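**Student:** Quick note, the sequences are listed as chains A and B, same order.
Heads up: the first sequence begins at 905 in my numbering, then just goes up one per residue.
Heads up: the second sequence begins at 222 in my numbering, then just goes up one per residue.
Simulated from the structure, these hints should not be mistaken for lab results.
If you're wondering where the values come from, they're calculated on a predicted model, not measured in any experiment.
There could be a bad hint or two in this list.
Derived list of chain A stretches under chain B, where covered just means 3 residues or more per stretch with a C-beta under 8 Å from a C-beta of chain B [as the list claims (entries may be wrong)]:
1) 929–942
2) 960–967
Some but not every residue of chain B turned toward chain A, in silico, with C-beta under 10 Å [claimed, not checked]:
3) Leu329
4) Thr334
5) Arg336
6) Met338
7) Ile566
8) Lys615
Where is the CB? At the ideal position from N, CA and C, for every residue including glycine.
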Amino acid sequence: MRISVDAGRCIGSGMCVLTAGEVFDQSEDDGKVVVLRPEPPAESWEAVRRAVDLCPSAALKALA
Amino acid sequence: MSESLHTLTTMPAERRRGCPFDPPAELIEAREHGPISRYVFPDGHQGWLVSGYDLVRAVLADPRFSSRKELMIHHPTIDYSGIEVPPAPPGEFLLMDEPRHGRYRKPLVGKFTVRRMRQLTERVEQITAEHLDAMEKAGPPVDLVTAFAKPIPAIVICELLGVPYEDRGRFQEQIDTFLGGEASDEELIAAYVATQNYLAELVAAKRANPTDDVLSDLMDSDLTDEELRGMALILLSAGFDTTANMLALGTFALLRNPAQLAALRADPTMIDRAVEELLRYLSVAKQFYRVALEDVELGGQTIKAGTMVILSLNTANRDPERFTDPHVLDLNRQEGGHLAFSHGIHQCLGQQLARVEMRVAFPALLNRFPTLRLAVPADEVVLRPESADIYGVKSLPVAWDV
Ligand code: HEM
Ligand code: SF4
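So that you can see chain B by itself, here it is in the shape it has in the complex (with noise of 0.2 Å):
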C-alpha cells in the first residue's frame, strides 16, 4: 500500500482558469488516487491530506482526532519551524477540544435551534428587500457582493447579537482583513488589535446596559468578559464572511449554470434542495485541520499521535462514490449529507441561520431581476486565493434590464 501512496509537497496555490468553482486539479487528482495521501508541510512534518468523503467524515467525527489550536504547529503553506502556537483564547471555541468547547458551545445551541432561525425569516426577507430596492435604485451594473451579499448576513447577525448597526463597517473591514488571504503580517496585527479593542468596548457597553439579543442573554452566566469577546468573536466572523461568500458565489454559479438557473426560477419549492446543492457544490469552508492525539487507523494508514491532518471538505464534497456526477451543479439532487457544515462537535452552529439567510436571499434576488447577468465576461470576475480560508469572489459586477 504504501508504495502507491500519493504524496503532496504543496498546496496549490491557485484553480484551474475557467474552473472558479472547482476545486484545483491537484486536489482532484489526490482524491482520484485514493482518499488519503501524504503531506509534507513547508517545516518538513511529515502530515495527511484527506480528501475522500468516508475518511473526512470519519476524522470529523473521531475525538482522537483534536481541534486544538496549540496543537496545530504546522502551517500547510509556511514553514514557521520551532514556533510555539498559543491555546486558542477563552470563548474562542472552533480551536478547542471537549470540555472547553462545551462549555462556550452549550450556553448558545438553543440561541440557533431551527425554530428559533426560521423566525428571523421575516426579518432577512425585509432586510433582502431593502437591498434589492437599494440595488434597482442605483441601476445597473451593480457590485453584488458590497449591495447585497454582504450586508445581508452581516445586519443579521449584528442584530442577533446586539451589535449597534453603525459598528458594522468598522467591524467588517477588520474581519475581511483577517479571512481575505492576501493581507500583511503588519496589517494583521492592526486588524486584530482593532478587533479586540472594539469586543472590549461593546462587550462593556453589554454588560452596563443589557439589551434583547443572545449577547446580553448571556451575561446571566458565570461566562467573564474575557471569554465573552472570544465567543462574540467566532460568530460574527463566522456569521460576517461565510453567508457572504455562499450568495455572491452561489449567485455566480447559477448565472453560470442557466439551465439549472431555470428549472430553480419555475418550482421555487426546489430552493430548499437547491441551497443544499449549492453548499456542497461550492464548498466555500474548504478545509480544516485535525491532530492525531494517539496512534489511529485510517484508510490503511496509521496516523501517528503528533501528526497534522489537512481535511479537504471541497474534495469529499465532490467524491464520485459518495456523490453521482459530483463535479455537476444539479440543484434536484436528492443525495443529502454533505460536508459543507462539517461533522462532528464543531459541525456549524449557524447552519440553521445560513440556510434561512439563503433560502431567502436566492429567490428574493432572482424575483426582482428576471433579467440577472454578469456584467463582465465570466473570466474577469475576481476570486480570492486559494490562501483565504473562505473561498469565494471579490466582487460580482451585475446587471439587469430595466
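Chain A on its own, in the form it takes in the complex (with noise of 0.2 Å):
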C-alpha cells in the first residue's frame, strides 16, 4: 500500500491521526497531514483505509 496525500486540501481535522497516529501526524506549524510511513505495513491498512475514508476533505489516497 503506497499513501498519497493532496495537502492542499487538507484542513487539518486530525481525523486521520485520531484512526491511524502510527502512520499520520499533523505539522506544529500549519496543522496539515504529515506522513510517517507513506509505506505503511500491513498491520495498519485496516486503519488507513478507515482514515481515509473518515477524511472530512477528501486529501488521503491509498492505492493498493
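With the hints as a guide, dock the two chains, each given alone in a separate frame, to form the complex.
**Tutor:** The following block contains the structure:
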C-alpha cells in the first residue's frame, strides 16, 4: 500500500491522526497532515483505509 | 419519484415526550420516507430537508453547496420575507466559503492539532478535579450544568485563547442568550452589543499586552482587529456551548442507560469509543444549512441554484442504513464516521479539544460519584427547545450517597 496526500485539500481536522496515529501526524506549524509511513505495514492497512474514508476533505488516497 | 416525494411544511417544535435523546418524530419519519424531502419554508421558499446519512455527508463535502451567510435568506421557522442578509462579518468563518473561510481557519489549525490538544489533558484533569471537589463539598443535590458541564469547557477555551478568567461570566451570559433559542429580539440585540464591546476590549488588550495564548499568537499575522474579534467570537461561542451540552446531556443519557453506564464503569478503556457513541447518539449540534450555488442532482432530485438545504445531522447519525440499531446507545459500537462534528471544510476545528474534555470529564465524574443519580424524575429534567441551535438540558439536578 502507498499513501498519497493532497496537502492543498487538507483542513487539519486530525481525523487521520486519531484513526491511524502510527501512520499520520500533523505539522506543528500549520496543522496539516504529515505522513510518517508512506508505505505502511500490512497491520495498519485497515486503519489507513478507515482514515482515508473519514478524511473530511478527501485529501488522502491509499493505493493498494 | 416526485409523486412519492415527502413534504414537510414546518419544523417540529419539540421532541416526543419521554424521548429526550431522539430527534423529533417528524424528522425520523421524514428520513423513513427517504433521505431527502421537500421543505416549504415559512416565506414560501421551496427548499429541501436532507435527513439520510449518505446524502448529508455528500452535501457537506460538496463545494457546490455554500455556507455563505448572505445566501441564507430563508429562515426555517420564521417568515422574514424580503429581508437582506449581510455577509458574515470579518473573522466569523463558520458562514463563509473559500477563500474567505481559509484565511481565518488556516492560521488556527496548527493550534488545535491532536497532539496539542492531548497536551492539555493534564490541565483539563486539574480543572475537572477542582469542580468535582466543589460539588462534593457542596453536597447533593447539585445542578450538573452549572457546577460541572458549563464551567469546565469554558475555563479551558478561555485559557487557550487568553481570556481573563474574571471576564468569563460576563461573556457566558451573552452566549447563553444567543444559543438558548428563547430570547426576544431586544435581548438578542443587547447581547450582541455587549459581546461586541467585550471582544473589542479583549483584542485591544492583547494587542497592547500579548501573552502566551492563541489570540496573542495571531497578533503577528496580517489579521486586523476586526477580523480577530470575529474569530474570537466564533471560538468562544463554539467552545462554550457545545461541549457543555454534550457533558450534561451525555450524563443524563448515561444515567438513563444503566447497563451501558455499568459497562463503562467496568471497563475504562471503553471511554474513547463511548465518547464517539455519545457524540453520534446525541448530536447536540443538530442541524446546519447550505445553499446550492448551481443546479445539483442529489438523491434523484434537482436542487436548483439558490435553493436552501437543511442538513439534519441528528437524523443522519440515526440512519439505519449506516448504523445498526441506530436508536440504541451502544458505547461499544465499532462503526465510526458519525457526522456530529460535520464533514467537509467546515468540520469542527475544536473537535480534538472537545474529545479531550469529554474523555477526561466523564470518567472523572463517574469515578468521583459511584452512586451518581438524577435528583428529579427523568421527565422533569428541563430540555432546550428545538429552536435552540445546540440541543441539551437546561439544568440537570443530580445526587449521590454521602
Ligand atoms: C462536542 C462539542 C462540539 C460539537 C458537537 C461541535 C460541532 C461542530 C459542527 C457540527 C461544526 C460544523 C458546522 C458546519 O458544518 O457548518 C463545527 C464547527 C466549528 N467548531 Fe465545533 N463542536 C464542538 C466543540 C467545539 C469546540 C470546543 C470548539 C473550540 C475551539 C469548536 C470550534 C468550532 C469552530 C471554530 C468551527 C467552525 C469551523 C469552520 O467553519 O471551518 N467546536 N463544530
Ligand atoms: S483527516 Fe484529512 S483533513 Fe484531516 S488532517 Fe488528515 S488529511 Fe488533513
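**Student:** Does each hint fit the structure? Answer for all of them.
**Tutor:** Hints, one by one, checked against the model:
1. Counting residues of the segment 929–942 of chain A whose beta carbon lies closer than 8 Å to any beta carbon of chain B gives 8, which reaches the threshold of three, so the coverage claim holds.
2. Counting residues of the segment 960–967 of chain A whose beta carbon lies closer than 8 Å to any beta carbon of chain B gives 3, which meets the minimum of three for the stated coverage.
3. The interface hint given for Leu329(B) holds, since its Cβ lies 8 Å from the closest Cβ of chain A, which is under the 10 Å cut-off.
4. Residue-level restraint check for Thr334(B) holds (minimum Cβ-Cβ distance to chain A is 4 Å; threshold 10 Å).
5. About 7 Å separates the beta-carbon of Arg336(B) from the nearest beta-carbon of chain A, less than 10 Å, and the hint is met.
6. With its C-beta approaching chain A no nearer than about 8 Å, Met338(B) sits inside the 10 Å limit, and its interface hint holds.
7. For Ile566(B), the interface hint holds, since its Cβ comes within 10 Å of a Cβ in chain A; the closest pair sits about 5 Å apart.
8. The restraint placing Lys615(B) at the interface with chain A is violated, with a minimum CB-CB distance near 31 Å, outside the 10 Å limit.
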